[in-house]
Structure formats: structure tokens, C-alpha cells
Amino acid sequence: MALSKEEILTGLAEIINEVAGIPTSDVQPEKSFTDDLDVDSLSMVEVVVAAEEKFGVRIPDDEVKNLKTVGDAVDYIANATVSA
Amino acid sequence: MVTGLGATTPLGGDVATTWRRLLAGESGVRTLTEEWAADLPVRIGARVAVEPTEVLDRVEARTLDRSQQFALIAARQAWEDAGRPEVDRGRLGVVFASGIGGVTTLLNAYDVLREKGPRRVSPYTVPMLMPNGPAAAVGLDLGAQAGVHTPVSACASGAEAIAYGLEMIRSGRADVAVCGGTEAAIHALPLAAFASMRALSTRNDEPERASRPYDKARDGFVMGEGAGAVVLEEFEYARARGARILGEIAGAGLSSDGYHITAPDPEARGAVRALRSALADADLTPGDIVHINAHATSTPIGDVAEAKGIREVFGSAADGIVVTAPKSSFGHLLGAAGAVEAIATLLAVREKVSPPTLNLENQDDEVDLDIAALEPRPLRDGAALSNSFGFGGHNVVLVIRAH
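These protein sequences, in sequence, are chains A and B. Numbering-wise (our numbering), the first sequence opens with residue 662 and increments by one. Numbering-wise (our numbering), the second sequence opens with residue -13 and increments by one.
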């Protein structure tokens, strides 16, 4: 049962709010984690681990570096949940 | 020169509240109500009066160990109190001590590792548990670039931090140094460990009467938590910027016992050396001292050893010194003790009043000193000493004057 991209975005926004205090409404697909949302390398690890738990996916370290924007992460999680 | 003070202690979330309640003879010791405390032989402790989460932003606090949270709160207060000195970051240093650093982070992370596996261990675990964590957090907050240091000497750590800061300024490495100590170790393991050493009072049914330095019925110390911070400035620098000067760390004496890993030398030779060295460093004589804020933790042997050392150094001049033991009020703050107690000593000489030593109903005959038992006592004009003696035989004596 795959989640819609909206549901993934909402879930990710909750995680980012918890970890970095960013208002959920600011977490939009085009936003860059490091440049727009001030999520540094350590916080990114937390976001990834929380996302893995929340969405039941695995996001290997060498994939994480390709996730530059929120949209990249949403797409990755969407694809990963489909193939699970 | 001391230009700012900050603290979060079992008696209050700031210096003013802590001092007021200290003078009023209130106790910060309570029963520990957490589930994990129920099975411990020692079920009392002195938690901070104001939880850090009530003061710090949630997102900031979540990646800081409790000891770092206390340190930041105290350091920020001290910085504000000093009027936020405008100092070149390259001339600003931080010396913040802790007996054990982020021990609760370490223990909680171990539980996470065993219950949920390595991937769930937070990436912030290391910066939260490292003993230099509090100093680093304060240094980062202030942008200090002259050096950020963490001396560790158990119960003497907080005092040693102030002594180190004094040295940084005297040697010309910094014009301003934010110094202090922090400890947040109230957790089942540290409590069980101290209890196994028989170092802690087991007066569980009467928490406020358990910490009783110098009293015949004392049976060990009470663990506390918190932080204290002072802003030290080079005299000319403080004067030039029109700083409000509260007082002065006029000198410091440091020594080591070389006697036993935890017990103090019963002949107090190390303490005597530190006391004499402190007086010499401040260019004072025994007759110049009117007040001593003692280390006295409420252990049967420790209190007596220190008292002997004081009598040895001061001789008959000790009769004119009002001694007090603040651990009777807020417990043993471990790495924070030396810093919080230095603050209490400074306020005592500023306001010319010694806070009372609580629970002193029957003074031990081997303690031949004039203690401010149960009531505050007026002080003459003069200088004071603050003593801190740590497990491992570390002795630090600070000489403190009002301004």
C-alpha cells in the first residue's frame, strides 16, 4: 500500500519540524535541506533515520548525498515504498 | 575582576533566587520520585529548581545534554549580568568544567543501542556526552576564540575552572573569560556507584536534614545538579569599558594530596598547601580572611580533615573566621560546586553576611571552627576563601574579595 506524495511530504515536514524546528508549512518540495532549511549534516542523519522508521524504507548513506531538496527525498521515499 | 554571575541550582533558576533562599536557610534536597529511584539505597537528591526546558528553546535543547543545558543557562545569565562585554572574540576565553560531562546521554544512548540497534544511536550522541561538551557549547554560543577549556578534577572542577580562567587573564591570553562548572549526574548508575562507596547519606526519610556538614549525625553527602558561571575580566579592560565590578578573584592555590584515590589525607597536608598557596598568591595573611566557604560535604572523614587543615594554617586567627558549608543547603553539586560556591562566597563578602550551615545541631568535637550554624552571620570587612577538594586528591582554594 503506497503512500501518496502529499502524505510523504506531510510526514517529512513533521520530522523536519521535530528535528530542526522548521514550521511544517515551510517544508516544500523545492526547498534545499542545507541552503533553505538549515538542516546540517548531523540533523540530516536524524531526518533520514526518522524517515526510514516512519515510512518503512531504507535510505543508504550513498543515496542520502543525492537528496538535495525535499522533493528529492519525497520522490526517493515514494519509489522505495512502491518497490517494498 | 568578576563582572557577571549566573547560576541554575536546586535553590533557584538564577543567582538572586539561589542567594535569597540560601540566606533564608532553605533546603533544595528532595525525595527522588523517578521510577528508577525506588530500588536504590539512596533515594534523595537536589534537582535544579527550574527545569532547563522551561528556559531553553526546544530545538536547541534537544541536541544538548542536561549538563550542557545548565552550563548554557548559567553562562548566558553571567554574560547578561556583565552587560555583554564588547570584546574581540580572539581575546575571549571560556573555561567550563564538569566532573563527568554528558553521563545521562551516555547511559541513555547505551539503552538505545541495546534496545533498537546502532542506527538509532543519535548522531548528536558524541557532542552531547563528551566532557568538553559544556565548555564547547558555551564557547560556541559566545564565539570565544582565545581558547575553550575543560579542567576535570571531580568535586574541585568548578573551582579549578575559575583558577584556570584567572591564569588565562593574568598570562595575557584573554581579556575576558567566562568560567564555571556544571553537573547533571542524577541517574541510577552514578547514584548507585556513589552509594556503593558509602559516600552518600541514606537519610531517605528526611531529605532536608540529610546534608549536615560538621554535625555528629552526618552520614554522607547528597547529590545535587546545576551550574554556576562567572565572567572574569582583566582589571584595566573592565575599568576602561566602565564595567560594573562585583568583586575579584584575588588569588588561587592548587595542590594535590598524593594520598588516596578517594579519601582525603586525614592530616590535610594537601589542603594546607593549597590554603597557604592561595594566601600567598593573593598576597594576604591569615588575619586578612574573615570568611571561609568550606568544601565540607557532610562525610564523616572529609569534614574533619578540612577543618584540621584550616586550623593548621590559621591557628588562632581561625577564631575570627566565620565558616559555612553551603552543601548543607543545596547538596553536593560535584563539578558545579566550586563555581556555585565561589558565587556564594562573593555575595557573602559583598553583603557582609555568611549564609547559614543547615542541620548543624551537634557540632563534631573534632571540628574546631566557628561555623555559622543554622542562622546567617554578619561578616567583618575582609577577604574570603572558597575551598574545593576533589576525589583523587585535587585541592583548589580561591581567594575572593568584594569591590
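To be clear, the hints were calculated from the coordinates, so they are not data collected in a lab. Treat the hints with caution; some may be incorrect.
BS3-like mimics (lysine-lysine), calculated; alpha carbons at most 30 Å apart, straight line [stated by the list, open to error]:
#1 Lys692/A - Lys715/A
#2 Lys338/B - Lys666/A
#3 Lys338/B - Lys715/A
#4 Lys102/B - Lys729/A
#5 Lys726/A - Lys102/B
Some residues of chain A that are not near chain B, with every Cβ distance over 12 Å (derived) [claimed, not checked]:
#6 Thr671
#7 Arg719
#8 Thr730
#9 Val743
Virtual Cβ for every residue (Gly too), placed ideally from N, Cα, C.
Check your understanding: Are there hints from earlier that the structure breaks, and if so, what are their numbers?
Key -> 2, 3 and 7
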